[in-house]
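S.K.: Chain by chain, the residues:
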Amino acid sequence: MMRWLLALAVLLLGAGRAEAHPHEWLDFKIMPQFTKDGSITALRETWYFDSFYTELSLPDFDTNKNKKLDADELLALARDNISNLKDFDYFTSVTAGGQKVTISHADDVTSHLSADKRIVLEFTVHFKTPVKTPLSYSIYDPSYYIEMKHFKEGAITLSKEDCTSSITRSNPDSVYIALAKSLDKNAVAPENLGINFAEKAIITCP
Amino acid sequence: MIFDVIQDAQRVFHDQIASSMNIMRDGGSWAAGAALITASFLYGILHAAGPGHGKVIVAGYMLADDGSLRRGLVITGLSSLLQAVVAVVLVLGLFYGLGIARSQTELMAAWFETVSFALVALIGSALFIRGVLALRLKHGHVHAHDCGCGHNHGPVVADIKNMRGIGPTVAMIVSIGIRPCSGALLVMFFACIMGEITAGIVATFVMAIGTGITTGAIAVAAAHSRRGLLKLVGASEPRIALASAIAKIVGGLLICALGVMFAAVSAPSATQGVAAYQHPLMHHHKQ
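If you're matching them up, the sequences are chains A and B in order. Numbering-wise (this note's numbering), the first sequence opens with residue 1 and increments by one. Numbering-wise (this note's numbering), the second sequence opens with residue 1 and increments by one.
Isolated chain A (complex conformation) (with noise of 0.2 Å):
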């Protein structure tokens, strides 16, 4: 019985709370944007939101309550995430030669709907100065609250033919994983937890 119980206790506490992170989920595709030389200046990213966020943001967006977002609309929304987001250097982290690349400013956002009403944020990224390859990059959310990847196939498009792309999948540590699952909705996610969820592109030009 004592055993039974004490089994019990561990399940209990071991199982967390309410609500695991994450919350909402987004897919992404990459292009590079290359120099003459094969160095990389920028990354253009399309992030796909889930139906939920896009439903979320309905409220507070649709401002000629039409109960869906226009182009205007989403362009507003694009434009305030895109501003938050700089301090957070777009989820966007990058390395090469064992350094981190600073992420200088992003521009060109744009947004619409896909075809399956989901809401779609492009911009590009700026680096402070042109990578040379091998580059490898990670983009997630700190927090872990939204999980982020690259789309299941065709995420990476390289406009220079030589070049050549991978990504690792995540395997996160099963402390990670019971730590993820122990967080609530509301609850501050410890510091960057998200990377050990992150996947990790590398993309090699010769």
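Honestly, the hints are just simulated from the structure, not real lab data. Among the hints, erroneous ones may be present.
Unchecked claim - Within a straight-line C-alpha distance of at most 20 Å, the following computed DMTMM-like cross-link-like pairs (lysine to aspartate or glutamate) qualify:
#: 1; chain 1: A; residue 1: LYS65; chain 2: B; residue 2: ASP26
#: 2; chain 1: A; residue 1: LYS67; chain 2: B; residue 2: ASP15
#: 3; chain 1: A; residue 1: LYS68; chain 2: B; residue 2: GLU196
As the list claims (entries may be wrong) - A few chain B residues that don't get close to chain A, going by computed Cβ distances all over 10 Å:
#: 4; residue: ALA18
#: 5; residue: GLY33
#: 6; residue: VAL85
#: 7; residue: GLY93
#: 8; residue: SER125
#: 9; residue: GLY167
#: 10; residue: THR214
#: 11; residue: VAL260
Don't be surprised by glycine CBs; every beta carbon is placed ideally from N, CA and C.
Chain A is already provided as a structure; the job is to place chain B on it using the hints.
M.R.: Chain B alone, transformed into the frame defined by chain A:
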């Protein structure tokens, strides 16, 4: 990897519920309604496997107390339904009555959670007290037996059983049911935004049936485990009574401690609310 499978399933359910409500709003179709109900049902079954549906409390209670199968099923079934009722009333009341948005609804839900854990602590202490009383009864009896008073063993077990009534059952149902299921809150809130209240209420109750099936199955498993354990201890009634009393004391203490601990942990998050952190992509959502 199992983690990916669970995460993907969670995502598929969210998407399915969102998109079928979307279709229903834009004219609606039977297929969309069926998809919503199926998704809600499956979501309920799987969601209840996660924390927050009283599984552990019910299982612990069934193991520690002489919980009959029927009583376990009544507790799990009614508490699941109560969770649905609380979710519907809470979201409708706050959203329409007070014009309050999602984060506040969740804040209220967080308080319900704290109250729920406090009730669990109370149930644990009641179980503990009954265990102590049962031991004292038994002790008194054994003492009397030594004196040659000629009592038989029957009344002891009967006395303990008589101490059970409808009270503890109701307490269990309320303690679990008062805390709305997060999945139900999500669906209801979403239905409110979309203006599909009926669909939201139906989905919430279908989800409750799903969660009830999972928690009911766990109650059944716990009841069977208990019988097996008692057989192991030995079939004689005094020994069963002793084991039962000890189980109540240990189980009661544990359940009480867990209730207090979780109430304490959940209370601060309820007071802080969502103001603690503003997600860069959620800045604009109504807070």
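S.K.: Take the hints in turn and mark each one as holding or not.
M.R.: Do the hints match the structure? See the list:
1. LYS65/A <-> ASP26/B: With a Cα-Cα distance of about 15 Å, the restraint between LYS65/A and ASP26/B holds, given a limit of 20 Å.
2. LYS67/A <-> ASP15/B: 19 Å, holds
3. LYS68/A <-> GLU196/B: 15 Å, holds
4. ALA18: For ALA18/B, whose nearest Cβ neighbour in chain A is about 4 Å away, the distance does not exceed 10 Å, so it is violated.
5. GLY33: Given a closest Cβ separation of 17 Å, the condition holds.
6. VAL85: Answer for VAL85/B: holds, closest chain A Cβ roughly 17 Å.
7. GLY93: Answer for GLY93/B: holds, closest chain A Cβ roughly 18 Å.
8. SER125: Holds: least Cβ distance 16 Å, greater than 10 Å.
9. GLY167: 23 Å, holds
10. THR214: About 14 Å separates THR214/B from the closest Cβ of chain A, which puts it past 10 Å; holds.
11. VAL260: 13 Å, holds
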